[in-house]
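First residue of the sequence shown? That's 0 in numbering that gives the first Met the number 0, and the numbers climb one at a time after it.
None of these hints come from the bench; they were simulated from the model. Here the structure is a predicted model, which is why all the values come from computation and not from measurement. Accuracy of the hints is not assured; some may be wrong.
[Claimed, not checked] Cut-off 20 Å, straight-line C-alpha distance, at most; resulting in silico cross-link-like pairs (EDC-like, lysine to aspartate or glutamate):
no., residue 1, residue 2
1, K443, D541
2, K284, E579
3, K284, D475
4, K453, D538
5, K509, D558
6, K573, D503
7, K540, D503
8, K573, E560
9, K509, D538
10, K466, D541
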Amino acid sequence: MVQKIKDRFGKYIARTDSQLWIYNTIILIEILALTILVAIEFFMGYEQDGLLVMVALWIYLVAMALLANCYPKKVQLFYALVVAPVNLVVFPFMFLWAEGGGIESGMPVWLTFGILLVCIMTSGIYFKILLVLTVVTDVMIILYGYFHQETFKYIDNDFYYYQDNLIAVLVVAGTIGLILKYQRYVQTRQTKRIEDAVMEAEQEKLNAQKANVAKTNFLANMSHDIRTPMNAIVGMTDIAKYNIDDKEKVQECLNKITASSTQLLNLLNNILDMSEIEMETLKLKEGQFSMTELAENIQVVLAQMARGRKVEFEMTCDVEHENLLGDSVRLRQVMMNIISNGIKYTDAFGKVSVSITEAAMNDSDYAEFDIIVTDTGVGMTQEFIENHIFKPFERSEDRRVQKVEGSGIGMSISKSIIDAMGATLAIESTVGVGSRFSIHVRLKKDKNVQKNFKVEDGIAILDASGKNILVVEDNDMNMEIIKAILERTHAHVICAWDAEEAIDIFGKSKEGHFDLILMDIQMPGMDGYGAARAIRSMDRKDSMSIPIMAMTANAFAQDVEKAFDAGMNAHLAKPIDVDELFQKMYHFFYT
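Generate the whole structure from the sequences, applying the supplied hints.
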């Protein structure tokens, strides 16, 4: 009980302005002192004049206390309204004309208290005026009393003068003591705030130093991680040129170049993702996908990696609803990162297992999945899992971990994606034994399973027969690549090499002739944004309905926004993700 009172009193002091707190304290002391004096003098039967003045003052002080707390910004005015009548009216009356006044009573102490009130409670012009008036008044009433002692109404009772002086001294001492105590409290609180600020600054400095070290290590690792696949691409290209007539050798080199290019692209995507996460612009894109196909794709890619490290790798997918709606690219990114980490940090002849199962639930619109990744790798400490694993640029200090290539941002990105999906991730690990990652994710069921796709060489290809696509691209190699991809869909592709030519081709075509425009952004002369605006402003029925897809290496969130602001319908980052391209084409052609 006592502690609760202390806590509440401490909270009151902490949230109350210092001037108002001092005001309330002094008023409370005066009210208590007046209450005691009125009670004593009433029971001792003294004349009514002094009692009435004290009662009136008691009521006045209570009113001033209530008003000051209702209008705390006017506290200086209320200081003056309390001090002025007390010092200039009440104290002079009590000293000269009230029964029991005079120099032998407690009034000299009260007069001193009045001067103290002026010094404590007022400031500025109030202080100057009231101090002069109070001193002048006190001097005048003391002189008047000295020369007109018949004015004093003495009481033939030593106890009265004893208690009167005692109460006056206690009030003055209590007021000074509380104010000094409050000043000490304020000083202690300010000192603690300064110490806390210093400690916080030192911690921030330490964190900044750690971040700088982590980023330095990240850049060093990044340099190595970029040069490794680049070296493979350059080297395999030279080998392929040297063995141009050996089809199998060339095919082997091309496969390795593809794998290295994918590794390099994933690295660059991670860097872009970290930028989006830091700017809080990471967004998910809902699209149709098959959980079974996603698992098969991951298995094909990572099985080769596992074989290269002599790690046993198995992956199972047992789901009832495989056709889903969600961001398959981001889900694949999370799974690839966690599984590839398991393979990287598992020694030769170890094992990595992945299981995808559907949780039982009665929901016609959603399905829930458990993705479990277990490995017999180096493992992690509980401290690293709780404090470091999701921080960017940080890696375990274990020697076996440090010797493996890695940037330290994959898990940070994965956690951000998992949180954005509303999914959960649980990690269990034992150093030297292995780790277990458990992802629980909820996805919409796809009730409109895509048609218009056919499988060629194990790859789902969109059938865009009869569709006319205008491709705007100024780079020869990029044009060759996108044209080859689109021709696999059996669409009719028309090429424009700059914005002006694209506008001319579209303007001269029949209305409704084109079904899609793929627009590069950075081109000589007019850019892709300007071309899109020009097409949208044409006086023809299909100018506003023709889908325009930005096709650019500018992959930041603000670049996507610029594309939409220019009137485009979608954004596709280079290098082109074929699956994403086909999904977007399907959306524009068949939905």
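Status of the hints after comparison with the structure:
1. K443 x D541: violated (33 Å)
2. K284 x E579: holds (10 Å)
3. K284 x D475: Not OK: K284 and D475 at ~30 Å, beyond 20 Å, violated.
4. K453 x D538: violated (38 Å)
5. K509 x D558: violated (31 Å)
6. K573 x D503: Between K573 and D503 the Cα gap is close to 25 Å, so the pair fails against 20 Å, i.e. violated.
7. K540 x D503: The hint holds at about 16 Å.
8. K573 x E560: holds (16 Å)
9. K509 x D538: Holds - the C-alpha atoms of D538 and K509 are around 13 Å apart, at most 20 Å.
10. K466 x D541: Roughly 15 Å between the alpha carbons, so the hint for K466 and D541 holds.
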